[in-house]
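Sequences and hints are given; from them, build the entire structure.
From first to last, the protein sequence lines stand for chains A and B.
First residue of the first sequence? That's 159 in the numbering used here, and the numbers climb one at a time after it.
First residue of the second sequence? That's 75 in the numbering used here, and the numbers climb one at a time after it.
What the hints contain is simulated information worked out from the structure, not anything from laboratory work.
Quick caveat: nothing in here was measured; it's all calculated off a predicted structure.
You can take every hint at face value.
To give an idea of the interface, some chain A residues facing chain B are shown, with a C-beta separation under 10 Å as derived from the structure:
#1 A209
#2 G292
#3 G294
#4 I374
#5 H386
#6 A388
#7 A390
#8 Y392
Only pairs whose alpha carbons sit at most 20 Å apart, straight line, appear in this in silico SDA-like list of lysine to any residue:
#9 K167(B) - E199(A)
#10 K165(B) - F220(A)
#11 K167(B) - I200(A)
#12 K165(B) - R203(A)
#13 K165(B) - A201(A)
#14 K165(B) - I204(A)
#15 K165(B) - A217(A)
#16 K165(B) - L208(A)
#17 K262(B) - L334(B)
#18 K215(B) - Q362(B)
#19 K165(B) - E215(A)
#20 K316(A) - V249(A)
#21 K167(B) - E215(A)
#22 K167(B) - A201(A)
#23 K215(B) - Y230(B)
#24 K167(B) - G150(B)
#25 K215(B) - N186(B)
#26 K194(B) - H221(B)
#27 K167(B) - L208(A)
#28 K167(B) - F210(A)
Cβ coordinates follow ideal geometry from the N, Cα and C atoms, glycine included.
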Amino acid sequence: MALARRMDEAAASAASDSARRGTRTLVWRLASVGLFCTTWEIAGRIPVNLAFPPFSEVALAFAAMLADGSLPRAFLVTLQPLVLGVGLSAVLGVVLGVAMGLRPGIEWLGAPVFIVLQAAPVAALVPLVTFVYGIGLASKVIVVMLLALPVIVLNGYKAVRNVNPSLVAMCRSFQGTPAQVVLKVVLPDASPVIFAGLRLGVSAGFIGVVLAELLITPTGVGDLITYHRAVAEYAHMYAVIAFVIVFSAVTLAGLQRLEIALFRPEKRTA
Amino acid sequence: MKRSMLGIAAAVAALGMALAGGARADQTVTVAFGDVPSVESLAMLVAFERARERGVTVELVSVEEEDIAAQAVVSGQADIGIGTPYAMIQKVKAPIRMFLQMSVLRFYPVVNTEFYREWKDLDGQEIAVHSRGSGTEAIMKLMAQKHGIAYSSISYVPGSEVRAGAMLEGTIKATIVDAANRRLLEEKAPGRFAVLPIEGVNATDEALYASTEFLTEHAAAVDVIVEELLKVAREVTADPASIVKLREQYGLLPDLPADLAAEIEPYFAESAAAQAFPANGGSAAAAQDDLAFYGLAGQLEGDPASLNVADFWDFGPTERAVAKLGQ
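Encoded structure:
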């Protein structure tokens, strides 16, 4: 009885400890954001450069662009090639990566291509893409895929390659069929790394879509960035850039949480 | 010991400067250009060579975009920039002034004759221009105003050559291109495209600008550059073929491919006929037109009549040059 009470107390104090730690982390994080914004404000007021507006002006420009709907509209346009490109890359990338990990023949064909692509300066390849696919949506999707696909494929490939061999041996010794080895052992064991690849692919996709919109034809946020730069409305330009960065950071943080919840039980409490 | 070394170094530096600033106005001026020098820049390159002969060495730096050139001038990394930094001057109060109108915008609205023949036909139709806030967009908007029409939408396709290619492929039916690509369209598909008339567009395409500080402190060097640019503008307007000889004489653009080299004479003949190179480097009246035009392009805010030309232009250098060279 006494033992049970003591255990309850211990659990309660651990919970309040972790809650306190959570609040403290939040406070520090907010302080860090505040410090960043203050530094930005001061740098903008000095000013570091005539074209570098203080944080307050950028915030006002952001509010104005939200109010007149130009930013949400542009962002919807940008989401098209992003979602298409990342979606196609995810499906194609996981299938290809797993296939490369399982079959040496496919690995032999595919690995060099994706290793080269991952190392290639894609911005320099964008004009080539426009020669073949023109200047429409197709080109932008291809650019997003050029950035997102290699990292997804290579992560999938490495994940399958690094599956615990004793698990595979165990499945075989229990007379598992090759299909069962793949479905019941290889894929579950590889999924954390595959998912990490998808997260990196999304992050690369953000880079790709902004590159495509800046280098091919200005649409969506790329149009807002080039237009506001051309007419010297730098606060608006930075507001768009900051919005893209924040959106991408929030998306990636969300994916990371999902990853931990799904695949990394050991990190859940950390 | 250290002190005396410093003293010697200072003396050497002072001597160097005294020698450099001797009889001629020997000076190096950095010019930031938001483009790569090609056929269209030949007249400017000739003028820069002649300025070098007069002791003002011009170092031309190509940057990616026109507004980066303006940034370079504002930050002092370049002395002179090329472009039309109206927005920079108005919106971030950059302490720079334009001082020479080097060329005026010469663009040609072209339509596919299967679908359209005149301005009225473009009412409610889609057109393609270079980019939002560009001169091409402003020309098309101005013409729409003049003809009382409205486009259904404007799409942005950067690069005259890209738009010309899309016209040939049939993916766009109405656009606006530069002289070289208008000729290309006429050669590749005679009769398939028509050029719509534009009247009264004389907005600045390329102007030289510098910080107000540079314009006062280095007036002599600026004067040399302005004089040489005006002289070349007048020469090529009077005799466009002369540019080919001048290119050979100064060995300019030696790596130009033969097909582009063949473009030189037609380009200058056409530009001269269209009065694309102002003989006097611009004027207050021309600048006033610019204010209205660039207002339409979205570069400038406010009623054009309320804007003051002197906030954007310094006509001192061109006035001195015209006084010296004659009208």
